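Student: Listed below, chain by chain, are the residues.
Number of protein chains: 2
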Amino acid sequence: FFSPLPRDSQVRIMETTVANAEKYFGLFCTLMAAYTRKTAKLRDKSDLLVKQILDYANTENPELRSTMKRFAEELAKVQDYRQAEVERLEMKVVEPLKRYGVQLKQMRTEIKRFNSVRNNEIKQLEKLERLRQKSPSDRHTLSQAESNVHKASVDASRTTQQLEETIDEFQKQKLTDIQKIFLDFVTVEMVFHAKALEVYSSAFQILTDYDLERDMEDFRAKLHSASGNYDARPVSSTNPSSSLPWSSSSQSIHSTPQRQEESEYDAEEHRLQDFSDPEEAPTR
Amino acid sequence: FFSPLPRDSQVRIMETTVANAEKYFGLFCTLMAAYTRKTAKLRDKSDLLVKQILDYANTENPELRSTMKRFAEELAKVQDYRQAEVERLEMKVVEPLKRYGVQLKQMRTEIKRFNSVRNNEIKQLEKLERLRQKSPSDRHTLSQAESNVHKASVDASRTTQQLEETIDEFQKQKLTDIQKIFLDFVTVEMVFHAKALEVYSSAFQILTDYDLERDMEDFRAKLHSASGNYDARPVSSTNPSSSLPWSSSSQSIHSTPQRQEESEYDAEEHRLQDFSDPEEAPTR
Numbered sequence: 001f002f003s004p005l006p007r008d009s010q011v012r013i014m015e016t017t018v019a020n021a022e023k024y025f026g027l028f029c030t031l032m033a034a035y036t037r038k039t040a041k042l043r044d045k046s047d048l049l050v051k052q053i054l055d056y057a058n059t060e061n062p063e064l065r066s067t068m069k070r071f072a073e074e075l076a077k078v079q080d081y082r083q084a085e086v087e088r089l090e091m092k093v094v095e096p097l098k099r100y101g102v103q104l105k106q107m108r109t110e111i112k113r114f115n116s117v118r119n120n121e122i123k124q125l126e127k128l129e130r131l132r133q134k135s136p137s138d139r140h141t142l143s144q145a146e147s148n149v150h151k152a153s154v155d156a157s158r159t160t161q162q163l164e165e166t167i168d169e170f171q172k173q174k175l176t177d178i179q180k181i182f183l184d185f186v187t188v189e190m191v192f193h194a195k196a197l198e199v200y201s202s203a204f205q206i207l208t209d210y211d212l213e214r215d216m217e218d219f220r221a222k223l224h225s226a227s228g229n230y231d232a233r234p235v236s237s238t239n240p241s242s243s244l245p246w247s248s249s250s251q252s253i254h255s256t257p258q259r260q261e262e263s264e265y266d267a268e269e270h271r272l273q274d275f276s277d278p279e280e281a282p283t284r
Numbered sequence: 001f002f003s004p005l006p007r008d009s010q011v012r013i014m015e016t017t018v019a020n021a022e023k024y025f026g027l028f029c030t031l032m033a034a035y036t037r038k039t040a041k042l043r044d045k046s047d048l049l050v051k052q053i054l055d056y057a058n059t060e061n062p063e064l065r066s067t068m069k070r071f072a073e074e075l076a077k078v079q080d081y082r083q084a085e086v087e088r089l090e091m092k093v094v095e096p097l098k099r100y101g102v103q104l105k106q107m108r109t110e111i112k113r114f115n116s117v118r119n120n121e122i123k124q125l126e127k128l129e130r131l132r133q134k135s136p137s138d139r140h141t142l143s144q145a146e147s148n149v150h151k152a153s154v155d156a157s158r159t160t161q162q163l164e165e166t167i168d169e170f171q172k173q174k175l176t177d178i179q180k181i182f183l184d185f186v187t188v189e190m191v192f193h194a195k196a197l198e199v200y201s202s203a204f205q206i207l208t209d210y211d212l213e214r215d216m217e218d219f220r221a222k223l224h225s226a227s228g229n230y231d232a233r234p235v236s237s238t239n240p241s242s243s244l245p246w247s248s249s250s251q252s253i254h255s256t257p258q259r260q261e262e263s264e265y266d267a268e269e270h271r272l273q274d275f276s277d278p279e280e281a282p283t284r
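Going line by line, the protein sequences match chains F and A. For the first sequence, our numbering gives the first residue as 1, with consecutive numbering after it. For the second sequence, our numbering gives the first residue as 1, with consecutive numbering after it.
Some hints here could point you the wrong way.
Because identical chains cannot be distinguished in the list, a pair is counted as satisfied if it fits within a single copy or across any two copies.
EDC-like mimics (lysine to aspartate or glutamate), calculated; alpha carbons at most 16 Å apart, straight line [said to hold, decoys possible]: (1) Lys222 with Glu164; (2) Lys23 with Asp55; (3) Lys172 with Asp211; (4) Lys172 with Glu213.
Hints in this document: simulated from the structure, not taken from any laboratory. A quick note: this is a predicted structure, and the numbers were derived from the prediction, not measured.
Could you build the full structure based on these sequences and the hints that come with them?
Tutor: In structure tokens, the structure reads:
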């Protein structure tokens, strides 16, 4: 007269729901953490690129030097936004998914408790069935067994009520969480892409504004000043048989004019820095 | 009376220019290739995420199932754009930088040729100097040596003229290339970020439109239909002592209503596909 079947089906739905959540939230957590790590690696490679563009800038004439430095600054800003993306993904996506794993373990404990109450009801029912077949005339024992079944059934009914509420609460929380976590993911990504687009637009303008002809004029002037420089050093220092014609010793010859040029570039850089807006980029 | 010094300075500027270009274009090539690889890895992780979200969708009720499927489709579109980004970076940034390495090797050969002509001039000058000290009275030998110096100097002058043109050409090409390669890089990135922003905006809308209450109603109906389902199967199949309570056998119970639900979702998906614009996303 008591059927454990409906409760069993509910527990099964519950168990499937929790098992699926454990499986997929676990996978989402692993993949989102991997996605975040790969993003961090992309930032690392870009940081190296920024560094090398700045080094390269220092080997070039004023015009390209200034263009490359300003371009590298924009590229560095993108990496600052990428770093912010990494931190927000950790905080708003990976961490909530991790915390969810803890919640799911608590749900498993709850289900175990429901199962033990439900199993007790089945055990009492089976005991009663055995007694009815073995000793159908033992009224006292049968009556006690019937009372035990009744008690177990009342317990099961009460926990079933609790189970229904817990399932409902759990499902609602799960649906809210999955929506929130993915919305946060999308928001973090949107903010990054919008900022990156903005900074790259500015980088595009910097590269477009580059005046190649002015740079070529500087280069030609430098070459002609070199060809007009007759009083520099003795013939022996040209070292024509050297296997390293562009060794470091040969660079020192031009140290004085290069230093003069450098101080000119510095002045220009300071002017350029006055026009740039450092507040635009987030700090790491 | 002939000075090799100015030409030497020019060659030195040329050599420094080529050496710097070799160093930095090589570094840029390596770093851009690494950046492209890391981007491809980010795409791979995202592809796995898309796959798992689709798998997860199939374990959920109609409302979340549809939301997750549509969300996964948007996330897949971002990966298609990322794949396009990877291909464009390869074609427009990494390949041109690689080709530049070949051009630089040709420049080194040119410089070697200039150096050998220049060194011949120096050698003839030194020979004349030695002869003047050893045998200042040997008019015939001195005159021949002077003639050799003159010839070598004319050669050097001609190649210096060529060198100046080659330097000019090379520098102009280099400046054009560096501007073009970085402009192409920025353009590829801008296109990707703009497209990603567009797709994520649509993904945001899909997640915001998710009707949690409708999903909860479905879930509650499923639970209550389970608790009212008395004629399903014999008690023995409940197998309460099983260590795997959510084994595959328990899922088959709901196979019939699930299939019905699936065909409903299919109809809904076809309707949704009619509204979407598949031409927007690039194919891999």
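Student: Is it within, between, both or neither when you check Lys23 against Asp55 at 16 Å Cα-Cα?
Tutor: between (48 Å within a copy, 11 Å between copies)
Student: As a check of your reading, is Lys172 near Asp211 (CA-CA no more than 16 Å) within one copy, between copies, both or neither?
Tutor: between (61 Å within a copy, 12 Å between copies)
Student: Is the C-alpha distance from Lys172 to Glu213 at most 16 Å within one copy, between copies, in both cases, or in neither?
Tutor: For Lys172 and Glu213, only the inter-copy Cα distance (9 Å) is at most 16 Å; the intra-copy one is 66 Å.
Student: Measure nothing new, just compare the shortest in-copy and cross-copy C-alpha distances for Lys222 and Glu164 to 16 Å and report within, between, both or neither.
Tutor: Classified as between; 12 Å across copies, 85 Å inside a copy.
When each numbered hint is compared with the structure, no violation occurs for any of them.
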